[in-house]
Amino acid sequence: MNSKDNTFVIDANSRTPLNLKEIWEFRELLYFFAWRDIKVKYKQTFLGVTWAFIQPFLMMLVLNIFFGQMLHFPSETLPYSVFAFTGLIIWNIFSSGTINSSNSMLTNAVIIKKNYFPRIILPLAAVIVSLFDFLVSLILFGGLLIWFRVLPDVFRFIAFFPFAVLIALITTIGTGVIIGAMSIRFRDFRIVMPFLIQLLLFITPVIYPISAVSNKTLYHVLALNPMAGAISLARAALTHNPVDWTIIAISGGMAAFIFILGLLVFKRNETLISDFA
Amino acid sequence: MKTILEVISVSKKYSLSGINPAYQTLSGSMSNFFRGGKNEAREFWALNDISFEVKEGDTLGIIGRNGAGKTTLLKIISRITSPTSGRITGKGKVTSLLEVGTGFHLELTGRENIYMNGSILGLKKKEIDAKLEEIVEFSGVGEFIDNPLKFYSSGMQLRLAFSIGAHLEPEILAIDEVLAVGDSLFQQKCIEKMTSIVKSGRTILFVSHNMQALKTICNKAIVLDAGKKVFDGTAEAAVDYYNTEHRLQGQTINLLDLSRGKYAGELIFRELKFASPAFQYGEDISFSVLLKTVNPSARKDNVIFGVNVVDRFGNNIYHVSNLLTNQPFTHNADADGYQFSIKNNLRPGQYTLTLCLTVNDVVQDFFTELVTFTVEEGNPYGFSKTGFIQGMVFPGFEVKQNARETIIK
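These protein sequences, in sequence, are chains A and B. Going by my numbering, the first sequence opens with residue 126, and the numbers climb by one from there. Going by my numbering, the second sequence opens with residue 22, and the numbers climb by one from there.
In case anyone wonders, no lab produced these hints; they're calculated from the structure. Errors might be hidden in some of the hints.
Claimed, not checked - Taking lysine-lysine and the DSS-like style, the derived pairs with C-alpha atoms no more than 27 Å apart in a straight line are:
id	chain 1	residue 1	chain 2	residue 2
1	B	Lys147	A	Lys168
2	A	Lys146	B	Lys112
3	A	Lys168	B	Lys214
4	B	Lys214	A	Lys164
5	A	Lys238	B	Lys34
6	B	Lys152	B	Lys112
7	B	Lys406	B	Lys236
8	B	Lys406	A	Lys238
9	A	Lys238	B	Lys249
10	A	Lys392	B	Lys112
11	B	Lys114	A	Lys392
12	B	Lys214	A	Lys238
13	B	Lys406	A	Lys146
Said to hold, decoys possible - Just a sample of chain B residues kept apart from chain A, beta carbon distances all over 10 Å, derived:
id	residue
14	Glu64
15	Glu120
16	Thr123
17	Tyr136
18	Ser140
19	Val310
20	Thr351
21	Asp355
22	Ser362
23	Thr395
24	Phe404
25	Gly412
26	Pro416
Think of the CB as a built atom: it goes at the ideal place given N, C-alpha and C, for glycine as much as any other residue.
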């Protein structure tokens, strides 16, 4: 393609829709941002990428002692350790992904002010970093399944598990870009996010199964949190239990809604970002 | 020649509360909302109705004082920020080099940083692969290239950053004052590299305070003043225009009739008079300043002058003020004159004065980089080639051999 024929127009009065083609053109930059963040995160740490699963592993041990062994929380026919670990790694995609992508605008403010690229690349790269951590922790996840002899139905696993991860990813991108765009204008978000995420952990079935909620209305309201569906589905991938598809549909729908809302909010604020960064 | 870039009445407005993020909190925004959404922010036009066009292969210089809107213009053309009104059409890829080394990370190696920075500047990985050897060669960092950046000296970091910038090859390249830093040898190397980019037919937009470099590199130029375009023509003519119209030269300079920014203006500058038309090396820079009282009933005690001496790159070399010596004046009558005498070890060249007048901490009058004066060729050392001597100032110094009693132990 002769790039000299690439006419461009910058018009103050036109609103451009989300330019997917442009994001695709900048895919290498997306890769480099994610690569830089992963590299820098684990460089000069003694344990390196093993940190990606040490954290959920230790968390799992503690949860298992208190909720599994002492309080006998129900765990949907799974050993409580496997039950908790599955919840934690899916939850971590969301918690670290949202916090990192909401910070990504401010930590890269210098680059934003001096260079042009589709701004959405920054929160996307932050989510990729969380996805990388998730993939690393899958190694330990596999080990746990073998240790506790949890033998999932292969087809069921392949159909359910990636779908659960997809719901989690879409939700994370959605909330990440909303908070990312807003935190540029209102730094309040930066302070309140870690706290909010912690709060959300308790209304998400990470340490307890959603089926433990006996109140039917509350049960469905909880499913409005897309992470509830994602985690339930990820666990269902390991068992032979029947799946409540209503829950999954509500969560999946909400995930799609948050994702689209995120892109719209981000697009609306994109032009302001470099002025406020 | 075909037009490659056309800028049609572009304006950019900033609301001053928006510039300072400290004011942007949720509560501020909400209280604003409940007051009926009335926006009390002060508006400020960084660019006002700018139009010009650039032909293929042109090198357009953009000249103006600090705050004239030069960088904002480059940012709009390269899409970093969007215009408030107006339209720009262009052909090909625009890359902006507003700063070198953006995205450099100290933990990454030189090589990794080339990929990171190059990619931020819009290069594809394949293009970086192809230019890598050349960039490393040009930067002269040698075998350090695979060491983390934190082990580089600041000079090496800068050279590496420049080298990446110098190897960009978009259709339109927008450069902002990046040559103003770095040691002079490397600066020369960069100017040569830029000249060769120009010869290869690329279109360049070049913002600089360095009039000499601007005349060498650019064939056309525009002059901006307070967000408006005030001149458009050849680079030579633009530099002349800027020097005569926007930098006041001569021994006696009338400051009364100049357009002013929005300052209190109860007491203003009337005239500035230099002791001589040009200063010799080492001769004190002496001048006197006269004022005019606009509002006779205003207070006239605690009068403070601030004078900066700025070099052609925009560097602030001297800051002189009666605040620093704790000698506030009381202005009794306009017949009072104020005498300045500044010790001078400046290298030969052109300098400008920034003048500021405050009464009781309220800025009354302010001119940035306005009045020009010259320090004539020569040096205190008796060295034949003044141009060979580096550094922004020429200090006095002594070098002795075997003077045992003076060796510092």
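Against the structure, the hints:
Between Lys147 of chain B and Lys168 of chain A, the direct Cα distance comes to roughly 26 Å. Compliance with the 27 Å bound is thereby established for this hinted pair. Restraint check: the Cα-Cα separation between Lys146 of chain A and Lys112 of chain B comes to about 18 Å, which is no more than 27 Å; the hinted pair holds. For the hint linking Lys168 of chain A to Lys214 of chain B, the alpha-carbon distance of about 36 Å lies beyond 27 Å, and the restraint is violated. Of the pairs offered as hints, the one joining Lys214 of chain B and Lys164 of chain A is violated, with about 33 Å between alpha carbons and a cut-off of 27 Å exceeded.
For the hint linking Lys238 of chain A to Lys34 of chain B, the alpha-carbon distance of about 17 Å falls within 27 Å, and the restraint holds. Simply put, Lys152 of chain B and Lys112 of chain B have alpha-carbon atoms about 24 Å apart, close enough for the 27 Å limit, and the pair holds. Between the alpha carbons of Lys406 of chain B and Lys236 of chain B the distance comes to roughly 23 Å, so the proposed pair stays at or under 27 Å and holds. A C-alpha spacing of about 42 Å is found between Lys406 of chain B and Lys238 of chain A, which places the hinted pair above 27 Å, so the restraint is violated.
A hinted pair counts as satisfied when its Cα atoms are at most 27 Å apart, and Lys238 of chain A with Lys249 of chain B qualifies at roughly 23 Å. Note on Lys392 of chain A and Lys112 of chain B: the hinted pairing holds, with a Cα-Cα distance of about 25 Å set against a maximum of 27 Å. Straight-line distance between C-alpha atoms of Lys114 of chain B and Lys392 of chain A comes to about 22 Å, which keeps the hinted pair within the 27 Å bound. Proximity of Lys214 of chain B to Lys238 of chain A is assessed by CA-CA distance (about 26 Å); at most 27 Å being required, the pair is judged to hold.
Restraint check for Lys406 of chain B and Lys146 of chain A: not satisfied, since their Cα atoms lie roughly 57 Å apart, outside the 27 Å limit. Here Glu64 of chain B stays apart from chain A, with its beta-carbon at least about 13 Å from theirs, past the 10 Å limit. With a least CB separation of 5 Å from chain A, Glu120 of chain B falls inside the 10 Å interface cut-off, contrary to its annotation. At the 10 Å boundary, the C-beta of Thr123 of chain B falls inside the reach of chain A, the nearest C-beta of that chain being 5 Å off.
A beta-carbon of chain A is positioned within 10 Å of the beta-carbon of Tyr136 of chain B; the least distance is around 6 Å. Residue-level check failed: Ser140 of chain B sits 4 Å from the nearest beta carbon of chain A, not beyond 10 Å. With a least beta-carbon separation of about 38 Å from chain A, Val310 of chain B lies farther than 10 Å from that chain, consistent with its non-interface assignment. The claim that Thr351 of chain B is not at the interface with chain A holds, since no C-beta of that chain comes within 10 Å of its own (minimum 43 Å).
Here Asp355 of chain B stays apart from chain A, with its beta-carbon at least about 43 Å from theirs, past the 10 Å limit. Here Ser362 of chain B stays apart from chain A, with its beta-carbon at least about 41 Å from theirs, past the 10 Å limit. No beta-carbon of chain A comes within 10 Å of the beta-carbon of Thr395 of chain B; the shortest separation is about 34 Å. Every CB of chain A is more than 10 Å from the CB of Phe404 of chain B (nearest about 40 Å), matching its label as outside the interface.
The Cβ of Gly412 of chain B lies farther than 10 Å from every Cβ of chain A, with a closest approach of about 29 Å, so its non-interface assignment holds. Listed as outside the interface, Pro416 of chain B is consistent with that label: its C-beta sits roughly 34 Å from the nearest C-beta of chain A, beyond the 10 Å cut-off.
Consistency with the previously given hints fails for numbers 3, 4, 8, 13, 15, 16, 17 and 18, ordered from lowest to highest.
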